[in-house]
Amino acid sequence: MEGAELAGKVLSTWLALVLGLILLPSAFGVSLGISEIYMRILVKTLEWATIRIEKGVPKESGLKNSASVGIIQRDESPMEKGLSGLRGRDFELSDVFYFSKKGLEAIVEDEVTQRFSSEELVSWNLLTRTNINFHYISLRLTMVWVLGVLVRYCVLLPLRFTLAFIGISLLVIGTTLVGQLPDSSLKNWLSELVHLTCCRICVRALSGTIHYHNKQYRPQKGGICVANHTSPIDVLILTTDGCYAMVGQVHGGLMGIIQRAMVKACPHVWFERSEMKDRHLVTKRLKEHIADKKKLPILIFPEGTCINNTSVMMFKKGSFEIGGTIHPVAIKYNPQFGDAFWNSSKYNMVSYLLRMMTSWAIVCDVWYMPPMTREEGEDAVQFANRVKSAIAVQGGLTELPWDGGLKRAKVKDTFKEEQQKNYSKMIVGNGSL
Amino acid sequence: MGAAHSASEEVRELVGKTGFSSDQIEQLHRRFKQLSGDQPTIRKENFNNVPDLELNPIRSKIIRAFFDNRNLRKGSSGLADEINFEDFLTIMSYFRPIDTTMDEEQVQLCRKEKLRFLFHMYDSDSDGRITLEEYRNVVEELLSGNPHIEKESARSIADGAMMEAASVCVGQMEPDQVYEGITFDDFLKIWQGIDIETKMHVRFLNMETIALCH
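Residue numbers (UniProt numbering), protein chains in the order written: chain W, 1 to 433; chain B, 1 to 214.
Hints are computed from structural coordinates only; laboratory data are not their basis.
Ideal Cβ positions, reconstructed from N, Cα and C, are used throughout, including at glycine.
Be aware that one or more of the hints could be misleading.
Said to hold, decoys possible - A few chain B residues that don't get close to chain W, going by computed Cβ distances all over 12 Å:
1. P51
2. R70
3. N84
4. T100
What the hints assert, rightly or not - Using 30 Å as the maximum straight-line C-alpha spacing, the simulated BS3-like pairs for lysine-lysine come out as follows:
5. W/K332 to B/K189
6. B/K112 to B/K74
7. B/K44 to W/K346
8. W/K346 to W/K277
9. W/K55 to W/K44
10. W/K277 to W/K317
11. B/K112 to W/K101
12. W/K264 to W/K221
13. B/K33 to W/K346
14. W/K295 to W/K44
15. W/K346 to W/K316
16. W/K215 to W/K346
17. W/K294 to W/K264
18. W/K187 to W/K316
19. W/K287 to W/K187
20. W/K332 to B/K17
21. W/K284 to W/K221
22. B/K151 to B/K44
23. W/K221 to W/K332
24. W/K287 to W/K277
25. W/K295 to W/K284
26. B/K44 to W/K101
27. W/K187 to B/K17
28. B/K189 to W/K101
29. W/K284 to W/K264
30. W/K101 to B/K74
Generate the whole structure from the sequences, applying the supplied hints.
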């Protein structure tokens, strides 16, 4: 009896604290500053840890250079320059030199595959999962690490789990209730309130610290918002600061319940799996959506898959054919506090969420950028590349022309033939053939 | 390359044999594991996972070079089925830049090794000569991607190049003299005095300790 009473009291105080300190402020969009204090303590601890590691490591073994710099320095000169020099006439034995060198560079380090695994850190952030290069340094550091594990798994995880649970339930219940109302501006206002509150709760569930830059360029109604994709959390991060209409496939299970509830309160665009294959149907529905200026801006991730946040891959042209104003947004995570990249071949959704909830925090920067429209004489692909460059420059990411679909598929033949055509043009063009 | 002590002995051995530094070897080992899917050996199929390589017109020759017994120093002909990490490093070492601190004799030796690697790429039947057929084969592969170039053009390019090589190696030929093929010595003669160093090396970065900063 006593045990149950005690447990009951603990639970109720716990819930009261959660309600007072987190839920209510989220509803009003106010921050009590608790997460700022947490972040400051965290940063100080990590700095201390880094200094200890630096002191503790002997000179010869040293710390490994981050793999993002690479093993080799690639020869970036274009094919013409690479082949010239030794070239006396049309075709030289030396051309094979150039291609074998390029081939070897590709084998040693290819730009594409490394984008589908998590970014490596320069210094350890006291999480076991990033500890590939670092060895035992000192007792104090290990103690801090153990303390970190305890804090993360025993204090933060239950708290975050509770918050996530409350957030999702509120979302489903709230949107279902709002969905009962007839269409009116009250309904829109209420649905915005519900969406924003629940997203803020979910973001706090991950200890997210988000900095929004250039809020004046926030996507307007009737536009399309385009962003680089790193994880499903991107959606949460963007919806915390504004309401969007989401586009995607209808899922089953928990996701399906959430989707069905959300669409009652405000018009998201969910497609059946079979409809996704029909590009014209998709384009038509999206065009209809943006034609209605009162509807919320659509949120699209043109890369089509999750990339590890060090680069931006090819933007699929489909989203850029719809027309309308494109509002680009760049999202950059700070990997020091937690790696947000979802490697879907390695982790399923549940283990991914678990990893997120046991990281220190999710820290990211969001830059809103001035709207762009397709210019005269520009086709969808060129427009897509222009937007991609803008996002890459703003977010400090490298730009790659490769298709994110390479995660699972092979290179298209058309791509392969490009390079060979260039080379053969060089030889035959110069010669008298 | 798991736990501490036996691994560092292996690494030291490899440093001696191939000339890479121990940091570079560890990085390359990680790449090896990535390519092989954590297996101890690599087969030809594993190279299909490198998207950048798909663009290369002579990719099949490059992949073949990795398994060529002559490059692996395991024989005078034939192909191995699979290679282990040491073999991988042996092939990589052909592309190491020529060290400026080496003496003249060693520099010549390195050059010869690199040219020999290239010779093997052309000489697919391992008979020690690059015949007209083999040369044509390489030119065709290089031009294979362009559907507008017919086989005839590729052949004439190869024939022209072969004649020029013959004139360098053998001098003026009698009208009924048949040029059998470029031997390795002829190959060396063609490249004499020409600096191939920058064409045939990959710049491996030196992993140095860097100061950590937030």
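Evaluation of the provided hints:
1. Separation of B/P51 from chain W is inadequate, the least Cβ-Cβ distance of about 5 Å not exceeding the 12 Å criterion.
2. The Cβ of B/R70 sits about 15 Å from the closest Cβ of chain W, beyond the 12 Å cut-off, so the non-interface label holds.
3. Under the 12 Å C-beta cut-off, the non-interface status given to B/N84 relative to chain W holds; the minimum distance is some 16 Å.
4. Taking the minimum C-beta to C-beta distance to chain W, about 17 Å, the non-interface status of B/T100 holds against the 12 Å cut.
5. At most 30 Å may separate the alpha-carbon atoms for a hinted pair to count; W/K332 and B/K189 exceed this at roughly 55 Å.
6. With a C-alpha separation of about 18 Å, the suggested pair B/K112 and B/K74 falls inside the 30 Å cut-off, and the hint holds.
7. Proximity of B/K44 to W/K346 is assessed by CA-CA distance (about 25 Å); at most 30 Å being required, the pair is judged to hold.
8. A C-alpha spacing of about 26 Å is found between W/K346 and W/K277, which places the hinted pair at or below 30 Å, so the restraint holds.
9. With a C-alpha separation of about 17 Å, the suggested pair W/K55 and W/K44 falls inside the 30 Å cut-off, and the hint holds.
10. A distance of roughly 15 Å separates the Cα atoms of W/K277 and W/K317; the hinted pair therefore holds under the 30 Å criterion.
11. Pair hint B/K112 plus W/K101 holds up; C-alpha atoms about 17 Å apart against a cutoff of 30 Å.
12. For a cut-off of 30 Å, the pair hint linking W/K264 to W/K221 stands: about 19 Å separates their Cα positions.
13. Taken as a hint, the B/K33 and W/K346 pair is honoured in the structure, with Cα atoms around 16 Å apart against an allowance of 30 Å.
14. The hinted pair formed by W/K295 and W/K44 fails the criterion: a straight-line CA distance of about 45 Å is larger than 30 Å.
15. For the suggested pair W/K346 and W/K316, the alpha carbons sit about 24 Å apart, so the restraint of at most 30 Å is met.
16. Between W/K215 and W/K346 the CA atoms are separated by roughly 36 Å; this puts the pair beyond 30 Å, and the hint is violated.
17. For the hint linking W/K294 to W/K264, the alpha-carbon distance of about 16 Å falls within 30 Å, and the restraint holds.
18. As the CA atoms of W/K187 and W/K316 are separated by approximately 35 Å, the hinted pair breaks the 30 Å bound.
19. Taken as a hint, the W/K287 and W/K187 pair is honoured in the structure, with Cα atoms around 24 Å apart against an allowance of 30 Å.
20. As the CA atoms of W/K332 and B/K17 are separated by approximately 43 Å, the hinted pair breaks the 30 Å bound.
21. Between W/K284 and W/K221 the alpha-carbon distance is near 18 Å, which keeps this suggested pair within the 30 Å criterion.
22. A threshold of 30 Å between alpha carbons decides the hint, and for B/K151 with B/K44 the separation of about 28 Å falls inside it, so the pair holds.
23. Our distance criterion of 30 Å between C-alpha atoms is met by W/K221 and W/K332, whose separation comes to about 24 Å.
24. Restraint check: the Cα-Cα separation between W/K287 and W/K277 comes to about 17 Å, which is no more than 30 Å; the hinted pair holds.
25. Straight-line distance between C-alpha atoms of W/K295 and W/K284 comes to about 16 Å, which keeps the hinted pair within the 30 Å bound.
26. Distance restraint check for B/K44 and W/K101: the Cα-Cα separation of roughly 18 Å lies within the 30 Å cut-off, and the hinted pair is therefore satisfied.
27. The suggested pairing of W/K187 with B/K17 is violated, with an alpha-carbon distance near 74 Å, which exceeds 30 Å.
28. For the hint pairing B/K189 with W/K101, the CA-to-CA distance comes to about 22 Å; that is within 30 Å, so the pair holds.
29. Straight-line distance between C-alpha atoms of W/K284 and W/K264 comes to about 21 Å, which keeps the hinted pair within the 30 Å bound.
30. Our distance criterion of 30 Å between C-alpha atoms is met by W/K101 and B/K74, whose separation comes to about 23 Å.
Of the numbered hints stated above, those contradicted by the structure are hints 1, 5, 14, 16, 18, 20 and 27, listed in ascending order.
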